[in-house]
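Trainee: Protein chains in written order, with the numbering used here: chain A, 1 to 418; chain B, 1 to 183; chain C, 1 to 418.
The hints are simulated quantities; they were obtained by calculation from the structure and are not laboratory data. The beta-carbon is built from N, C-alpha and C at its ideal position, and this holds for glycine as well. Please note that a few of the clues may not be correct.
Claimed, not checked - Chain C is faced by these chain A residues, among others (derived, beta-carbon under 10 Å):
{"#": "1", "residue": "Gln68"}
{"#": "2", "residue": "Asp252"}
{"#": "3", "residue": "Gly320"}
{"#": "4", "residue": "Pro324"}
{"#": "5", "residue": "Gly345"}
{"#": "6", "residue": "Asn359"}
{"#": "7", "residue": "Gly394"}
Unchecked claim - Simulated pairs of lysine-lysine, DSS-like, Cα-Cα distance not exceeding 30 Å:
{"#": "8", "chain 1": "A", "residue 1": "Lys9", "chain 2": "A", "residue 2": "Lys48"}
{"#": "9", "chain 1": "B", "residue 1": "Lys177", "chain 2": "A", "residue 2": "Lys53"}
{"#": "10", "chain 1": "C", "residue 1": "Lys108", "chain 2": "A", "residue 2": "Lys352"}
{"#": "11", "chain 1": "A", "residue 1": "Lys393", "chain 2": "B", "residue 2": "Lys163"}
{"#": "12", "chain 1": "B", "residue 1": "Lys50", "chain 2": "C", "residue 2": "Lys317"}
{"#": "13", "chain 1": "A", "residue 1": "Lys60", "chain 2": "B", "residue 2": "Lys50"}
{"#": "14", "chain 1": "A", "residue 1": "Lys89", "chain 2": "C", "residue 2": "Lys43"}
{"#": "15", "chain 1": "C", "residue 1": "Lys241", "chain 2": "A", "residue 2": "Lys321"}
{"#": "16", "chain 1": "B", "residue 1": "Lys177", "chain 2": "A", "residue 2": "Lys60"}
{"#": "17", "chain 1": "C", "residue 1": "Lys241", "chain 2": "C", "residue 2": "Lys164"}
{"#": "18", "chain 1": "A", "residue 1": "Lys48", "chain 2": "B", "residue 2": "Lys163"}
{"#": "19", "chain 1": "C", "residue 1": "Lys317", "chain 2": "A", "residue 2": "Lys244"}
{"#": "20", "chain 1": "B", "residue 1": "Lys163", "chain 2": "A", "residue 2": "Lys9"}
{"#": "21", "chain 1": "B", "residue 1": "Lys177", "chain 2": "A", "residue 2": "Lys393"}
{"#": "22", "chain 1": "A", "residue 1": "Lys60", "chain 2": "C", "residue 2": "Lys317"}
{"#": "23", "chain 1": "A", "residue 1": "Lys89", "chain 2": "C", "residue 2": "Lys8"}
{"#": "24", "chain 1": "B", "residue 1": "Lys176", "chain 2": "A", "residue 2": "Lys89"}
{"#": "25", "chain 1": "B", "residue 1": "Lys163", "chain 2": "A", "residue 2": "Lys53"}
{"#": "26", "chain 1": "C", "residue 1": "Lys8", "chain 2": "C", "residue 2": "Lys241"}
{"#": "27", "chain 1": "B", "residue 1": "Lys50", "chain 2": "A", "residue 2": "Lys48"}
{"#": "28", "chain 1": "C", "residue 1": "Lys43", "chain 2": "A", "residue 2": "Lys393"}
{"#": "29", "chain 1": "B", "residue 1": "Lys177", "chain 2": "A", "residue 2": "Lys89"}
{"#": "30", "chain 1": "B", "residue 1": "Lys149", "chain 2": "A", "residue 2": "Lys53"}
{"#": "31", "chain 1": "A", "residue 1": "Lys48", "chain 2": "B", "residue 2": "Lys149"}
{"#": "32", "chain 1": "A", "residue 1": "Lys352", "chain 2": "C", "residue 2": "Lys231"}
{"#": "33", "chain 1": "A", "residue 1": "Lys352", "chain 2": "C", "residue 2": "Lys8"}
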Amino acid sequence: MSGKTVIEKILSDHSGEDARAGDRVWADLDLAVVRDFGGPNVVLEYEKQLADKPVWDPQKIAMTFDYQAPAKVVQVANNQRICREFAAKHGIPHVFDVNAGIGQHVLLEHGMVLPGSVIIGTDSHMNLLGAVGSFSTGMGTTDLAAGWATGRLWFRVPGTIKITFKGEYGYPASAKDLTLFLLSQIDTSKTIYKAMEFYGQPIEALTLAGRLTLASMVTEMEGKIGFIVPDEQILGWIRERAGKPVEAVVSDGDASYWEEWEFNIDGLEPLIACPDRPDNVRPVGEVAGTRVDEVFIGSCTNGRLEDLQVAADVLGRMGGKVAPHVRLIVTPATTEVAMGAVEAGLYETFIKAGAMVTNQGCSLCTIGHHGVLAEGDVLVSTGNRNFRGKLGKGSLAYLTGPAVAAATAVKGEISLPE
Amino acid sequence: MSHLEPEGEEQMSEEFVFSGRAWVVGDDIDTDMIYHGSYLPLTDPQEMAKHALEYVPGMEDFTDKVQPGDILVTGKNFGCGSSREHAVITLQYNDVSAVVSESFSRIFYRNAVNLGFPILEVPGIAHQVETGDELEVDANTGSVRDLTKGVELQGAPLSGLEKEIMTAGGLFGYLKKELQAEE
Amino acid sequence: MGQTFAEKILAEKAGLKRVEPGQIVTVQPDKLLTHDNTAAIAKIFHEIGVERVARPEISVIVLDHVVPAATEAHAKNHQQIRRFVAEQGIDSFYDVGEGICHQVLPEKGHALPGYLIVGSDSHTPTHGAFGAFSAGIGRTEAAAVMATGEIWLMVPYSFRIVVKGRMPKGVYAKDLILFIIGDLGADGADYRSVEFAGPVIEKMSVASRMVLCNMVAEMGAKAGSVEPDEKTLAWLSGRAKAGFSPVSADADAVYERTLEYDVSDLPPQVARPHTVDNVVPVEDVAGTRIDQAFIGTCTNGRLEDFREAARILRGRKVAPNTRLLILPASREVLLAAVAEGLVTDLVSAGAVVLNTGCGPCLGAHEGIMAPGEVTISTANRNFKGRMGCKDAEIYLASPATVAASALTGEITDPRQFI
Numbered sequence: 001m002s003g004k005t006v007i008e009k010i011l012s013d014h015s016g017e018d019a020r021a022g023d024r025v026w027a028d029l030d031l032a033v034v035r036d037f038g039g040p041n042v043v044l045e046y047e048k049q050l051a052d053k054p055v056w057d058p059q060k061i062a063m064t065f066d067y068q069a070p071a072k073v074v075q076v077a078n079n080q081r082i083c084r085e086f087a088a089k090h091g092i093p094h095v096f097d098v099n100a101g102i103g104q105h106v107l108l109e110h111g112m113v114l115p116g117s118v119i120i121g122t123d124s125h126m127n128l129l130g131a132v133g134s135f136s137t138g139m140g141t142t143d144l145a146a147g148w149a150t151g152r153l154w155f156r157v158p159g160t161i162k163i164t165f166k167g168e169y170g171y172p173a174s175a176k177d178l179t180l181f182l183l184s185q186i187d188t189s190k191t192i193y194k195a196m197e198f199y200g201q202p203i204e205a206l207t208l209a210g211r212l213t214l215a216s217m218v219t220e221m222e223g224k225i226g227f228i229v230p231d232e233q234i235l236g237w238i239r240e241r242a243g244k245p246v247e248a249v250v251s252d253g254d255a256s257y258w259e260e261w262e263f264n265i266d267g268l269e270p271l272i273a274c275p276d277r278p279d280n281v282r283p284v285g286e287v288a289g290t291r292v293d294e295v296f297i298g299s300c301t302n303g304r305l306e307d308l309q310v311a312a313d314v315l316g317r318m319g320g321k322v323a324p325h326v327r328l329i330v331t332p333a334t335t336e337v338a339m340g341a342v343e344a345g346l347y348e349t350f351i352k353a354g355a356m357v358t359n360q361g362c363s364l365c366t367i368g369h370h371g372v373l374a375e376g377d378v379l380v381s382t383g384n385r386n387f388r389g390k391l392g393k394g395s396l397a398y399l400t401g402p403a404v405a406a407a408t409a410v411k412g413e414i415s416l417p418e
Numbered sequence: 001m002s003h004l005e006p007e008g009e010e011q012m013s014e015e016f017v018f019s020g021r022a023w024v025v026g027d028d029i030d031t032d033m034i035y036h037g038s039y040l041p042l043t044d045p046q047e048m049a050k051h052a053l054e055y056v057p058g059m060e061d062f063t064d065k066v067q068p069g070d071i072l073v074t075g076k077n078f079g080c081g082s083s084r085e086h087a088v089i090t091l092q093y094n095d096v097s098a099v100v101s102e103s104f105s106r107i108f109y110r111n112a113v114n115l116g117f118p119i120l121e122v123p124g125i126a127h128q129v130e131t132g133d134e135l136e137v138d139a140n141t142g143s144v145r146d147l148t149k150g151v152e153l154q155g156a157p158l159s160g161l162e163k164e165i166m167t168a169g170g171l172f173g174y175l176k177k178e179l180q181a182e183e
Numbered sequence: 001m002g003q004t005f006a007e008k009i010l011a012e013k014a015g016l017k018r019v020e021p022g023q024i025v026t027v028q029p030d031k032l033l034t035h036d037n038t039a040a041i042a043k044i045f046h047e048i049g050v051e052r053v054a055r056p057e058i059s060v061i062v063l064d065h066v067v068p069a070a071t072e073a074h075a076k077n078h079q080q081i082r083r084f085v086a087e088q089g090i091d092s093f094y095d096v097g098e099g100i101c102h103q104v105l106p107e108k109g110h111a112l113p114g115y116l117i118v119g120s121d122s123h124t125p126t127h128g129a130f131g132a133f134s135a136g137i138g139r140t141e142a143a144a145v146m147a148t149g150e151i152w153l154m155v156p157y158s159f160r161i162v163v164k165g166r167m168p169k170g171v172y173a174k175d176l177i178l179f180i181i182g183d184l185g186a187d188g189a190d191y192r193s194v195e196f197a198g199p200v201i202e203k204m205s206v207a208s209r210m211v212l213c214n215m216v217a218e219m220g221a222k223a224g225s226v227e228p229d230e231k232t233l234a235w236l237s238g239r240a241k242a243g244f245s246p247v248s249a250d251a252d253a254v255y256e257r258t259l260e261y262d263v264s265d266l267p268p269q270v271a272r273p274h275t276v277d278n279v280v281p282v283e284d285v286a287g288t289r290i291d292q293a294f295i296g297t298c299t300n301g302r303l304e305d306f307r308e309a310a311r312i313l314r315g316r317k318v319a320p321n322t323r324l325l326i327l328p329a330s331r332e333v334l335l336a337a338v339a340e341g342l343v344t345d346l347v348s349a350g351a352v353v354l355n356t357g358c359g360p361c362l363g364a365h366e367g368i369m370a371p372g373e374v375t376i377s378t379a380n381r382n383f384k385g386r387m388g389c390k391d392a393e394i395y396l397a398s399p400a401t402v403a404a405s406a407l408t409g410e411i412t413d414p415r416q417f418i
């Protein structure tokens, strides 16, 4: 038998079986996470099915409130309360409340996400943690409740596509553009339910923030998980926060891939996903001049300090003021990012430019919160989804990187950064 | 959802044969169209049911017109987007008997299985069936007959673990059966 | 016989030598303030059958209530207001993120001594702190002002409140006004103009004077005011867009009531659920568990408020199971708070710093409670359901009291931390 891919190794390790693509295995969970969206449903389902039965391991459960932080309607306030009460009752220590930020990013910063781990959560972008080699996946209420009860779940072992990038690119192109490029090139009927492993010099050159960007949109590629092997620097970063030794999981040299693809991204230019799909990707130049009403810089895809820094730099270089008819909303991913942004003077830049800086969290991406659009409004966002009407019936959304978003906010129309 | 009595290892019961009217929608219907994000705070399934398919163009009156037993037919990549189980529940609680799609997005697929909500993948289905057609769907064999058009199509029925979970009425039904078997 | 402040301003604006309380006068306001309700007002205005706003130059419109838009309905409302502003040529329009209308109005130089200001918001009296006669009116009246440029007003009776003694440490303008409201009752100053005077008032900052005037509405008053002095002029320096002539009450003016308060032994005050005049000393409610603490609003969302809060919270942590929300009243306040390191202090302590706006004060956004929860807040109202949940409780207090309570997780006398 040939060697194993990353996912085969992880699921073998967690199931005690020789897990291969196509198999069904029951794997042990390292962490089962809920948000304030999905969380209350899990609590209610758990209590309906299992009443007061203790959870399998309170240390391996976490709650992260990021969907509507803080609540804007009573139901969500109540939902958050239901979750807190359940955590208190079951002795679950890891409750990251409305002041913490986007769940996956918070867990990562707290050293709770290790390479090679199996993590489930009520968010379809859990899999952005593949950026550090963790098999993290979004699941529904029933899976989470069952996970809380037993600590294990059934998985179909996905086949893996090996994707290698070649070539070089420079600013203003970014990890987001590499990601949008990939989205535009793949056939989702092939990537559906696959794992991906990313290789090549352009991938190795990505910082943690860039890797999170790429991994976060594997969902939009219909993939199950996208792995990037963490380098020494990232492993060191994780080790420090986890307080324990960690090693990357690396696929075997003779691992069997479903397919192998190569992409050349020499001269990659800034790209933008046009309404209504994330793979409706075009060069920014093709839609430049489109008038916009709102710009959002943030999200689990582009909400890290590095992203905010890029945006602030562009704002500074282009006159430091948002166009009068544009609402610019900036949301740091986590408290750590927010503090970093304050210290780096980015808050001042954004506020003076006329932006609204909101508290850390998922912000407008989930329509949970704010920045909802009116009919006819056009949004440019650094998020990961732009399906029709998602952020307001009759509105249109474009997806792009922080530099283009910032330039667009200044000009009031889709623009390339200067 | 009722818990089913499996008759044997390989068989699902007759409850996996459905007859009903078809509602046809296109490709890439994402979870916000099936169940919009603004309704996520709801936890009562009866309330959730009121918003099924609300954001799918042309389906705004679906919840008024849908009849128990109706079958939803879709194009590719149905249920893409969020992991919200609400998307399955909202259909279940409108008494939609099954969803037959060209292909399912992975999380929706999984959620449907875990909730014991019958699904079937049938290549080409969305182009062959029209809204209002009378369908007969056999999830055991994967066959779909469009009685109105006199057309028969073959899909891939669930098998293996997914089939067992579906047969047991969902993941908790399956887990409880397992626990009973152990005792 | 001399005239009170209200009598003098209204006489002048009406072109009369003198007026008597109870007399109806027709006057041209210097400013008309409206906010997110502008669209509703515009609707009435159109129903009157008038096409053009009579005096667009007096209109000041600030979007602050639900910002950025929380639902499609709010987004549409904002969109309609923007269109109305453009169509009518209203220059003084401040879009989402600028701040709360009662902070933005004076910051942008629209609240000046001797001015007559009317606003479609019950806390319009805030601007009496600048020596203006500033009163809240209804939507229909606001529409009439838009249509005709003038308004009829009944001259109110006047109270004079003289405040003596020395403000103790840990006791602030908020405590003073809560005490007065508790003393006079919710309708104790019904339709009155309330003038604040005396050595304690003279020593107060402009921001503190705004606290007093902001809350006169809670005792039924039509307007509140403080005589402008060098502090007022210093605050306004560089902001006023027009010339102005301060108006002062005559020394021999006749008041319906003159009240005297000595603050030397005043302890911090708290308004208990569910009315603003249900005021007691903090020790009467100390120890009450709180789920949420809120510092912000047009009452107490200014730099001096955040300085006090940060002073208490610096280097410490908010109690577990208690959420602390911080809402700066304007972009300018937020910038200053960032520059002074207050945002860093507050976020480090575990607070959620929200974007500028009214936030949860009126139950529409960002900080709603679950049934059974308790909030202590620096806002001006605590009616049942005010913050969005009928089965929750709101206590009102000063920023220092709220900050101290956030630290301990229960209502706490701030003086132990000062």
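Trainee: Going back to the hint list, which numbers does this structure go against?
Mentor: Violated: hints 2, 3, 8, 11, 12, 13, 14, 17, 21, 23, 30, 31, 33.
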